[in-house]
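Student: The numbering of the sequence shown is the working numbering, which starts it at 1 and goes up by one.
Some clues are possibly wrong.
Beta-carbon label-pair distances, calculated as ranges [to be verified]:
1) Asp201 / Ile72: 43 to 49 Å
2) Leu173 / Gly42: 38 to 44 Å
3) Ser144 / Val177: 24 to 30 Å
Derived by calculation from the structure, the hints in this document are not laboratory data. A quick note: this is a predicted structure, and the numbers were derived from the prediction, not measured. Each residue gets a CB set at the ideal place from its N, CA and C atoms; glycine is no exception.
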Amino acid sequence: MPKLIVSIDGVVIKEVTLAKDRTTLGRRPYNDIVVDNLAISGEHAVLHMIGGDVYLEDLNSTNGTYVNGRPIKKQALEQNDVIEVGKYKVRYVAGSAGDAATAIRAVVPPAPSGPIPLSSAPTVQAPLGGGTAGVAVIRVLSGSGAGRELSLQKVVTTIGKPGVAVAAVTRRLHGYVVAPIDGGTALNGEPLGSEAVALQDGDVLELGGTRMQFVVS
1 MPKLIVSIDG VVIKEVTLAK DRTTLGRRPY NDIVVDNLAI SGEHAVLHMI
51 GGDVYLEDLN STNGTYVNGR PIKKQALEQN DVIEVGKYKV RYVAGSAGDA
101 ATAIRAVVPP APSGPIPLSS APTVQAPLGG GTAGVAVIRV LSGSGAGREL
151 SLQKVVTTIG KPGVAVAAVT RRLHGYVVAP IDGGTALNGE PLGSEAVALQ
201 DGDVLELGGT RMQFVVS
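Taking the hints into account, I'd like the entire structure generated from these sequences.
Tutor: Next comes the structure, spelled out in structure tokens:
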């Protein structure tokens, strides 16, 4: 099935499979793909799946919908087209399941469908082949989730609470990096900028007043 890979500032935050004839994208919570950002209209765009083709249609959004840097009203999507809405980039992956998996690995890694609340953070990961030798964890040090651990086995793990602070920890071939998604994130007492930063064993993250520690097993 066709898929959309949603990212911001180079950090993948969501993967969506297009399983319906009509998939809506916008800021309002009733959309199929919710992008909670003021630059996105409440009902921003819609994707129509007709046979084996997918068409993107802008719903007269305030800031417009772009494909590969060009504004569109309605357009058929092709493999690896990049949709731009606000600061978000959404890559379209078409073809069979095998083709889609290959394209995802070649372009950007998949991510969980949304942030993991710190108060009820489960382990929701799957191994990544060819990565580092030990699997790291995020250990919650304060707040209602204190004592919980998140195993960082997937390529991207999002942590935090939407509207307070959200960050993404990405597993790369030789280690892990962290990047803020929703602001308000500090690393070892220093605010994180917009660029991803390498994590070291024992580093302490703070998101919205909740402290966590990066630990390599």
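Student: With 24 to 30 Å as the target window, see if Ser144 and Val177 comply at their CB atoms.
Tutor: holds, 27 Å
Student: Do the Cβ positions of Asp201 and Ile72 conform to the proposed distance bound of 43 to 49 Å?
Tutor: holds, 46 Å
Student: Does the beta carbon distance between Leu173 and Gly42 stay inside 38 to 44 Å, or does it fall outside?
Tutor: holds, 40 Å
Every hint, counting from the list given before, is met by this structure.
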